[in-house]
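K.L.:
Taken in order, these protein sequences are the chains called A, B and C. Numbered per the numbering used here, the first sequence spans residues 1 to 545. Numbered per the numbering used here, the second sequence spans residues 1 to 307. Numbered per the numbering used here, the third sequence spans residues 1 to 307.
Keep in mind the hints are simulated off the structure, nothing from the lab. Mixed in with the good hints, there may be bad ones.
As the list claims (entries may be wrong) - Below are the DSSO-like pairs computed for lysine-lysine, each with C-alpha atoms no more than 30 Å apart in a straight line: (1) B:195 to B:115; (2) C:158 to A:281; (3) A:359 to A:374; (4) A:359 to B:3; (5) A:35 to A:304; (6) B:46 to B:195; (7) A:359 to B:50; (8) C:211 to C:122; (9) A:35 to A:512; (10) A:154 to A:174; (11) A:132 to A:154; (12) A:35 to A:98; (13) A:98 to A:217; (14) B:46 to A:374; (15) A:374 to A:417; (16) A:98 to A:132; (17) A:217 to A:304; (18) C:211 to A:512; (19) A:217 to A:512; (20) B:46 to A:304; (21) B:115 to A:374; (22) A:281 to B:115; (23) A:174 to A:132; (24) A:132 to A:512.
Unchecked claim - Here are some chain C residues the structure puts well away from chain A; computed CB gaps all over 12 Å: (25) 5; (26) 47; (27) 238; (28) 263.
Each residue gets a CB set at the ideal place from its N, CA and C atoms; glycine is no exception.
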Amino acid sequence: MRIPKGLRPLRRILVVLAVLAAYGVAGAESTESVKPQRGGTLQLGLPVDWRSLDPAVAFDADSVPLQKLLFRGLIDFDDGIGLVPDQASDWNISPDGKVYTFHLRPGVRFSNGREVEAEDYVFSFERILDPKVSSTGQTYFLGILGASEFNQGKAAHVSGLRAPDHRTFIIELKEPQFTFRYVLAMNFADVLPRDVVQQYGENFQYHLTGSGPYRIKEWRRNIGYHFERNPYYTGADGYVDAVDIMIGGDRTLMGMMLQRGELDWITGGVADYVRFSRDPKLRSWIELVNTANTDYFFMNTEIKPFDNVQVRRAMNYAINSERMARLAGIYNLPSHEILPPSMPWSNPGLPRYDYNPEKARALLREAGYPNGFKTQLWYILSREDDARMAQGIQQDLSEVGVQVELKQASYIAFQLKAEARHQVPCGVWGWMEDYPDASDFLDVLLNGERITDTDCNNSSFYNNPEVNRLIDQGNASNEAGERTRLYREAERLIMTDAPWVPILHERIPMLKSPRLHGTTPHPVWLWRYQYMWLDQSANSRKAGG
Amino acid sequence: MLKPLFRALFANRLFLAGGGIVVLFALLALAAPALSHAHILREPFKQDQKALDTEGMPLGPERGYWLGTDNLGRDVLARVVHGARVSLTVGTAAMVMATVIGVAVGVLAGFYGGKLDLGLMRFTEMMMTIPPILLAIALASLMDGKIIHLHPASVHWHFLDVELRRGMVSLFLVIGFVCWPGMVRVIRAQVLALKEREYVQAARVLGASNLRLIFRHIMPNLLPIVIVTAAMSTANTILLEAGLGYLGIGVPPPAPSWGAMISDGQAYFTLSPHMVIVPGVAICLTVLAFNLLGQGLQDVLDVQQKR
Amino acid sequence: MPLRLLNRLFWSVVTLLGTATLIFLLTSVVPGDVARIIAGPKATPEVLQQVRQRYHLDQPVPVRLIHYYGQLARGDLGHSFVTDQPVAQAILTRLPCTAALCATAVVMWMLVAIPAGVLTAKYRGSWFDRAILVLATIGLSLPAFWLARMLQYSMGYKLGWFPVAGFRSFGHLLLPAATLAVLYAGYYARLIHTSMAEVLDTAYVRAARAKGQSETAVLFRHAFRNALIPVVTILGMDIAALLGGVLFTESVFALPGIGTLAVQSVFNLDVPVIMGTVMFSATMIVAANLLVDVLYRRIDPRIKAAH
Numbered sequence: 001m002r003i004p005k006g007l008r009p010l011r012r013i014l015v016v017l018a019v020l021a022a023y024g025v026a027g028a029e030s031t032e033s034v035k036p037q038r039g040g041t042l043q044l045g046l047p048v049d050w051r052s053l054d055p056a057v058a059f060d061a062d063s064v065p066l067q068k069l070l071f072r073g074l075i076d077f078d079d080g081i082g083l084v085p086d087q088a089s090d091w092n093i094s095p096d097g098k099v100y101t102f103h104l105r106p107g108v109r110f111s112n113g114r115e116v117e118a119e120d121y122v123f124s125f126e127r128i129l130d131p132k133v134s135s136t137g138q139t140y141f142l143g144i145l146g147a148s149e150f151n152q153g154k155a156a157h158v159s160g161l162r163a164p165d166h167r168t169f170i171i172e173l174k175e176p177q178f179t180f181r182y183v184l185a186m187n188f189a190d191v192l193p194r195d196v197v198q199q200y201g202e203n204f205q206y207h208l209t210g211s212g213p214y215r216i217k218e219w220r221r222n223i224g225y226h227f228e229r230n231p232y233y234t235g236a237d238g239y240v241d242a243v244d245i246m247i248g249g250d251r252t253l254m255g256m257m258l259q260r261g262e263l264d265w266i267t268g269g270v271a272d273y274v275r276f277s278r279d280p281k282l283r284s285w286i287e288l289v290n291t292a293n294t295d296y297f298f299m300n301t302e303i304k305p306f307d308n309v310q311v312r313r314a315m316n317y318a319i320n321s322e323r324m325a326r327l328a329g330i331y332n333l334p335s336h337e338i339l340p341p342s343m344p345w346s347n348p349g350l351p352r353y354d355y356n357p358e359k360a361r362a363l364l365r366e367a368g369y370p371n372g373f374k375t376q377l378w379y380i381l382s383r384e385d386d387a388r389m390a391q392g393i394q395q396d397l398s399e400v401g402v403q404v405e406l407k408q409a410s411y412i413a414f415q416l417k418a419e420a421r422h423q424v425p426c427g428v429w430g431w432m433e434d435y436p437d438a439s440d441f442l443d444v445l446l447n448g449e450r451i452t453d454t455d456c457n458n459s460s461f462y463n464n465p466e467v468n469r470l471i472d473q474g475n476a477s478n479e480a481g482e483r484t485r486l487y488r489e490a491e492r493l494i495m496t497d498a499p500w501v502p503i504l505h506e507r508i509p510m511l512k513s514p515r516l517h518g519t520t521p522h523p524v525w526l527w528r529y530q531y532m533w534l535d536q537s538a539n540s541r542k543a544g545g
Numbered sequence: 001m002l003k004p005l006f007r008a009l010f011a012n013r014l015f016l017a018g019g020g021i022v023v024l025f026a027l028l029a030l031a032a033p034a035l036s037h038a039h040i041l042r043e044p045f046k047q048d049q050k051a052l053d054t055e056g057m058p059l060g061p062e063r064g065y066w067l068g069t070d071n072l073g074r075d076v077l078a079r080v081v082h083g084a085r086v087s088l089t090v091g092t093a094a095m096v097m098a099t100v101i102g103v104a105v106g107v108l109a110g111f112y113g114g115k116l117d118l119g120l121m122r123f124t125e126m127m128m129t130i131p132p133i134l135l136a137i138a139l140a141s142l143m144d145g146k147i148i149h150l151h152p153a154s155v156h157w158h159f160l161d162v163e164l165r166r167g168m169v170s171l172f173l174v175i176g177f178v179c180w181p182g183m184v185r186v187i188r189a190q191v192l193a194l195k196e197r198e199y200v201q202a203a204r205v206l207g208a209s210n211l212r213l214i215f216r217h218i219m220p221n222l223l224p225i226v227i228v229t230a231a232m233s234t235a236n237t238i239l240l241e242a243g244l245g246y247l248g249i250g251v252p253p254p255a256p257s258w259g260a261m262i263s264d265g266q267a268y269f270t271l272s273p274h275m276v277i278v279p280g281v282a283i284c285l286t287v288l289a290f291n292l293l294g295q296g297l298q299d300v301l302d303v304q305q306k307r
Numbered sequence: 001m002p003l004r005l006l007n008r009l010f011w012s013v014v015t016l017l018g019t020a021t022l023i024f025l026l027t028s029v030v031p032g033d034v035a036r037i038i039a040g041p042k043a044t045p046e047v048l049q050q051v052r053q054r055y056h057l058d059q060p061v062p063v064r065l066i067h068y069y070g071q072l073a074r075g076d077l078g079h080s081f082v083t084d085q086p087v088a089q090a091i092l093t094r095l096p097c098t099a100a101l102c103a104t105a106v107v108m109w110m111l112v113a114i115p116a117g118v119l120t121a122k123y124r125g126s127w128f129d130r131a132i133l134v135l136a137t138i139g140l141s142l143p144a145f146w147l148a149r150m151l152q153y154s155m156g157y158k159l160g161w162f163p164v165a166g167f168r169s170f171g172h173l174l175l176p177a178a179t180l181a182v183l184y185a186g187y188y189a190r191l192i193h194t195s196m197a198e199v200l201d202t203a204y205v206r207a208a209r210a211k212g213q214s215e216t217a218v219l220f221r222h223a224f225r226n227a228l229i230p231v232v233t234i235l236g237m238d239i240a241a242l243l244g245g246v247l248f249t250e251s252v253f254a255l256p257g258i259g260t261l262a263v264q265s266v267f268n269l270d271v272p273v274i275m276g277t278v279m280f281s282a283t284m285i286v287a288a289n290l291l292v293d294v295l296y297r298r299i300d301p302r303i304k305a306a307h
């Protein structure tokens, strides 16, 4: 998944739920033994607004965790990836794995006071499948009996969704699908009040109503949000009284505001991370979060001179990944591989290109470019870290005689250009895993069979039939050892062909005020704001400024 | 004839202070490549890992870096001095462009009057309704590598292609284009006054052509006000260049632009304030110098600036 | 009088139409496929086609221009590409913040500028007069984004006297307003100075003095009132320009005003918002022009006589 400006990674729970061990917190505190306190206002700062908070539509890393404050569904993940009933009192799956039956917990109400009924679930699920809503989650629900017919307009209702009474909700699938239970824990499956949605139609996004612990009191686009308690909510979570979200403002600003007690929880910048780590009083405010991401320099193998494998290898030797990773932030891990180290595919047999400008020059001479060449390097203007890396790469390449012109673009413009054929010779980009599986990198980004003229994730337009075959086999295989072997071999071949220069695996320096607790990252939701709480006795700091 | 003028100028402290700084910066800008070549100044593009501390953060004023280093390990002093090249070149070129357009429009409108005057002044007024910075941003953000074909699609005269690319040229064109309307009124008012002067009327009666009237009698007398306006508008063009650089739509990196240096440094402000303070002071000094120069010239040339 | 007013009104509308045309033509060359920017990178061809139809992108430029005029006549500034919010609504929700900021700033700088301007006019040529002149020139030379950062860092963060950023209370406006005040106070002190100096030389003031009125009464009751008229004119224009968006100050302090909206829209290539903010700002300026013109005639009988 690509990460736009300021947005944190989004996890998609997909079909491949392998080992979820990607997330750990460096130096995590163990405040969880303390009993959470209720009350206070949680103050959050986000750099950009999101398109929507509608659970059927929104699907980005910042809004998904926030949706859990407003919307809830039948089941949820526990502290790990186990499933527990949320607003269903109990559930069972028929022995053939096709029929899911849920009994709704009585007394669960929407924030407008009306009780949640099984018909609301039928309506909410059908809404996802309604092409007019253009839900990002549509494909996950197509396994329901009659879903495709409804989606194509051939049926007025989805036959597999039934509400025999107000308290019972039944889902029937076309065929057994083990992972469907995880789909039901995703934000798409949250329940919406059918009367309110019907009343506002397309404008529902401005009148969001759900059955979560909070409701929107104030919302000003690109300015801020204020969530207050849903007075009808009966669950135990939702510790703070209100959530205040400020939109806009750069990282330095947020660092200052955090320190002055005006914010509680922010993504820190490079400089703030170092500044906090140097100050004994502030050091404990840092939480370094691992992500499963690779930032890389891609070369378009269809554009000269990057069609030449020697040139691409020369670039690998010329670019000093260690230095680039440091330029982006001291906490990042330099990368010499495609898959992030958190994935269980670590690959000892990879060809390694350690920084060696001499060798790079020699390779360029061999390739027929003794005097180097000129090219354009594209990057996203709003990503400060990328801007530094791009300038760093520019200097490293000039050392071996390659003259780079830097081209900046807005996020959307960059994506449109980099994903189209014959547009961008090389550039800096990153990929964050959607699900913890090697195929999310190798298949999505480097499988030549997936190349299209536009919207192509394979921005190197790298196409090696041997690699494609290995990836396809890996995708189809069910045997863990076999998959590992196939993917490792594919990664090795890719690194030999060198369509990328891997640069770094990112870590996110989160900064939090000392009064905030319960920030342990969750493997799926990343943050669970509903379990964050404020130590009221630590409030004195705020008053003192 | 010029002697008393020079004497008056050199007696004016504002002119001296402003002119002194401008000359100093101009000399530094001119000499920058030579200074770097002679190793008196470091290279403005050279990223040195040793010029960052153990945690990859910029150095303060230490280890021979007089004004510290930036977040990529480049010498801030070298970048500020080389930045003067960008700032002064773009600022001056934009000023010349704005002045040429502004004087042309002002003279045409004032001299010919009538419908031409009405049309030109309406257009000027229209341009003035858009705040310059907003218009400059809108224009500069369009410089995104799009190629405009001036030739019909059927023929392949690619030498007629214009690429909207970012750089010093497009930057001064944009700034010059948004700055000229501010000059027109002053020039036009002056032309209207000059037109009624006796010697101009006399020349007209004697049969001088319009062109001759404009170039022989009007233009020379416009000179003082044009000089003063030009000096003051250079202050504006430099501020605009810094503003666009700050927003990331000025000259593309790694060119050292003062505005861009400030925006690079912001994220490090709480840790290394020098990254923001130094280029900021450079902008202030340069703009102040041009403003003082304008003030001084105004006093000496006895020009009344009207808004 | 009504005829003149109608005439002025007519030309105001013409000016705005011209601005609309200019900004439309400029943005219609925006790089990239606009439909794809609106619909998002993963849009299907059908969705793209729908978007093209909805925004009339499939039609030639003149037709789209006519559509744009029609839209403007209905007060519709279009919808944001990014958030799909009506642009007019986006501007209106941000207007209170910008207006509050401007009002605070104007009060601040006038509180400084009025005494400074009056006193320097009274004691012309004194050290105090010179000092104010230099300070005013310095004020004019500061880049807003830099000054804003410096004040934010020192007064907000280091000393903790003011909130650092955001807009939650009136206190949050003090630092941004102070930034604007520093930039404008000196300039207004000079304006008041010039205007006062003229009035102080008139027979009217000399008569008041001759009648034996106290100097304070002469300065403030007689001279200042008259001197204020041209200043208010310019103030009106400046406020209009500020309402169009205080770009740098707002974005540094993360204030949810029209200026930040403009900056954000540029980075997102959100063309309707860019056009909307430009049109809004142009309308404010044209309206202020009109208002000032009308009021001026009411207040100052001399102008009436002149026509």
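K.L.:
Give a verdict on every hint.
P.N.:
Against the structure, the hints:
no. : hint           : verdict
1   : B:195 to B:115 : holds (17 Å)
2   : C:158 to A:281 : holds (16 Å)
3   : A:359 to A:374 : holds (19 Å)
4   : A:359 to B:3   : violated (67 Å)
5   : A:35 to A:304  : violated (62 Å)
6   : B:46 to B:195  : violated (57 Å)
7   : A:359 to B:50  : holds (23 Å)
8   : C:211 to C:122 : holds (19 Å)
9   : A:35 to A:512  : holds (19 Å)
10  : A:154 to A:174 : holds (17 Å)
11  : A:132 to A:154 : holds (14 Å)
12  : A:35 to A:98   : violated (41 Å)
13  : A:98 to A:217  : violated (41 Å)
14  : B:46 to A:374  : holds (19 Å)
15  : A:374 to A:417 : holds (19 Å)
16  : A:98 to A:132  : holds (28 Å)
17  : A:217 to A:304 : violated (56 Å)
18  : C:211 to A:512 : violated (71 Å)
19  : A:217 to A:512 : holds (25 Å)
20  : B:46 to A:304  : holds (28 Å)
21  : B:115 to A:374 : violated (53 Å)
22  : A:281 to B:115 : violated (73 Å)
23  : A:174 to A:132 : holds (23 Å)
24  : A:132 to A:512 : violated (40 Å)
25  : 5              : holds (38 Å)
26  : 47             : violated (8 Å)
27  : 238            : holds (26 Å)
28  : 263            : violated (10 Å)
Checked against the numbered hints given earlier, this structure breaks hints 4, 5, 6, 12, 13, 17, 18, 21, 22, 24, 26 and 28; the rest are met.
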